[in-house]
Amino acid sequence: MPDGLFLFFAALTLGAACMLVASRNAVTSAMGMILALVGVAADFFLLDAYFLGVLQVLVYAGAVMVLFLFIIMLLNTDDPEGAYPWKAAALGLAVFFLLGAGVLWLFHWSGAVANMPAGATPPELSTNPALFTTSAKSFGRLLYTKYLLPLEIAGFLLLVALVGVVSLSKDSTEENA
Amino acid sequence: MEHTSLAHHLILAGLLFALGLTGVLVRRNLLVVYMCLELMLAAATLALVAFSRFNRTMDGAVLVFFVITVAAAEVAVGLALIVALFRKRGSVQSDALTTLRD
Chain A
1 MPDGLFLFFA ALTLGAACML VASRNAVTSA MGMILALVGV AADFFLLDAY
51 FLGVLQVLVY AGAVMVLFLF IIMLLNTDDP EGAYPWKAAA LGLAVFFLLG
101 AGVLWLFHWS GAVANMPAGA TPPELSTNPA LFTTSAKSFG RLLYTKYLLP
151 LEIAGFLLLV ALVGVVSLSK DSTEENA
Chain B
1001 MEHTSLAHHL ILAGLLFALG LTGVLVRRNL LVVYMCLELM LAAATLALVA
1051 FSRFNRTMDG AVLVFFVITV AAAEVAVGLA LIVALFRKRG SVQSDALTTL
1101 RD
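Keeping their order, the protein sequence lines are chains A and B.
Each residue of the first sequence is one higher than the one before, starting from 1 at the first, in the numbering used here.
Each residue of the second sequence is one higher than the one before, starting from 1001 at the first, in the numbering used here.
Careful, some of the hints might be misleading.
Unchecked claim - Pairwise CB distance ranges (calculated): (1) 1099/B to 58/A: 35 to 41 Å; (2) 1084/B to 58/A: 25 to 31 Å; (3) 1094/B to 168/A: 16 to 22 Å.
Honestly, the hints are just simulated from the structure, not real lab data.
Keep in mind that this is a model prediction, so the values were computed, not measured.
All residues carry an ideal CB built from backbone N, CA and C; glycine is no exception.
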């Protein structure tokens, strides 16, 4: 059995994700998304990836979700009123239970993960920077040695996204004017 | 903590991914579909961090760093596209966007 803290945050994450998928109000969906992302960040903390947990809360639950909420309230995008879409709900439940059964089989009943050499208990943490450590320093070391080219590409991608967003929003305002 | 095995984290990630995929398939509101896509990305990062921690390597965690970067860029561009779409068509419901079909 996993420990209580993991169970609590797993239940929080899955419940919030259900809220995101099932709610007809877009703002409620966004709140569920924020909760689910905080739950994922808590799981990062339980996995000793403190830097990634903080990054997840800052970037996702902070910047990205604020952007989402801003757009939702700007566009006023509630689903059209009317009968509850039972057909879509039934299809969704069928898809989810099929996928969930597949996940449980793959990771639990098939025994493939349990037979992995390091599957049962996490190995103890080390301070060797070549192995998994909790410090942000080991991130920096890898980012500027082994992953220098991907880091440059990621920076360029952010620049391209910035230029793209500016040109996208500029074009549509000119057409409106 | 010492009793939480790799399989538990992977099951959580898989169920989260399944919920996200369900939302992408079922929902009609493009903004909610987009949030479900983000949920699938978060589930994938969860699996990456779990594998990284249990295999004692930093590489999976560094990949998560890049995934978060790309996801942030993707959200910015995607939301700009949705706003442009809303200005042109006045709706973000995917079943209202049938110009190519009609």
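Now the hints, each set against the structure:
1. 1099/B to 58/A: 35 to 41 Å: With Cβ atoms ~39 Å apart, the hint holds.
2. 1084/B to 58/A: 25 to 31 Å: Holds, at about 28 Å.
3. 1094/B to 168/A: 16 to 22 Å: holds (19 Å)
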